[in-house]
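Please build the complete structure, drawing on both the sequences and the hints.
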Amino acid sequence: MNDYRAPVPADDEISLFELWDVLVRRRRTIIVVFILAFGITAGYGLLKEPVHRLTAVMDVGRIPNLPDNPTTSIDPSDAVAPLEAAGSVVTRLNEVLIPRVREENSATMAGLPAVNAGVADSRAGLIRLTAEAPDSVTEDTQTLMTRILDVSVSDYRSQWQAQSRWLEDRIDSLERREAAINSRMPAGNRGAMDEALGLTGEEGEAAGTQVMHDLITTAINYRSEAYRWDLDDELSALRMASSQMAGPRIEREPAVSESGIGASTSLLLALGAVLGLMLGVFAAFIREFLFNARQYREQPDADQT
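Its first residue numbered -2, the sequence shown is counted upward by one per residue in the working numbering.
Don't take every hint at face value.
Stated by the list, open to error - Here are the computed distance ranges between Cβ atoms for each label pair:
id	residue 1	residue 2	range
1	256	119	23 to 33 Å
2	50	169	44 to 54 Å
3	121	165	16 to 26 Å
4	39	154	44 to 54 Å
Quick caveat, the hints were computed from the structure, so don't treat them as lab data. Just so you know, even glycine gets a beta-carbon here, dropped at the ideal spot from N, CA and C.
Now the structure itself:
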């Protein structure tokens, strides 16, 4: 019965036993590299300052969203619209207002993290401000964001107040016009119809037959009522919009996230251990390769012996 013999690797092949032998012989190299890599990663993870996310929300304000035709009925949910498109507000904040506030406070708030504006809800006109700050400057960053919000709200409030004054003036004008029509042309008042025709007394009776007078009266009444209906529709739309208007305001003050952002310390330690082991094994093979190469160069040439 023939004995089984394991295949002998060729000269240019490396067996698993040889690899294991290299790792055992170069274990000190692996340990040193592992300790260095893990120590550096652990030191960074333990000494790095926690970073928190700060978030604030601003309402740009809402103004009437009236149709071109005042008599067109509108949905109460669409009676108002944001004072300015959310995308335009974000551009103005990032390109104008935020740089202006940072420049005005450069002496006391230099070096603070960047504050960025983004759209939170375009339909509602909500704008979100965000920043990422370490613990040491979290309070200063909150103060900076509050100043940015104050300047932004003040800037847009002037526009909103102009729209509000226009709406109030328009409602007052329509109410006065409606009152004037009601006082001059009460329905069914024959004397008012005669006055509208420029006739008084006996002249009114001589203007024509009773049928003609009734036809003219009906036409004037119909025209007056139609105009009153148009005024009522426009007034209703304006009053609805006025009741739903809201000025620019800070919807949510700058708040700091409870948990930090970025990689946690435990994750950094785990990554450091894996990286240290990989680098240690790699360094062991590199050192073995250099050792063998040096021995090969030191061997005497076969032709010289």
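Name the hints, by number, that the structure is in violation of.
none
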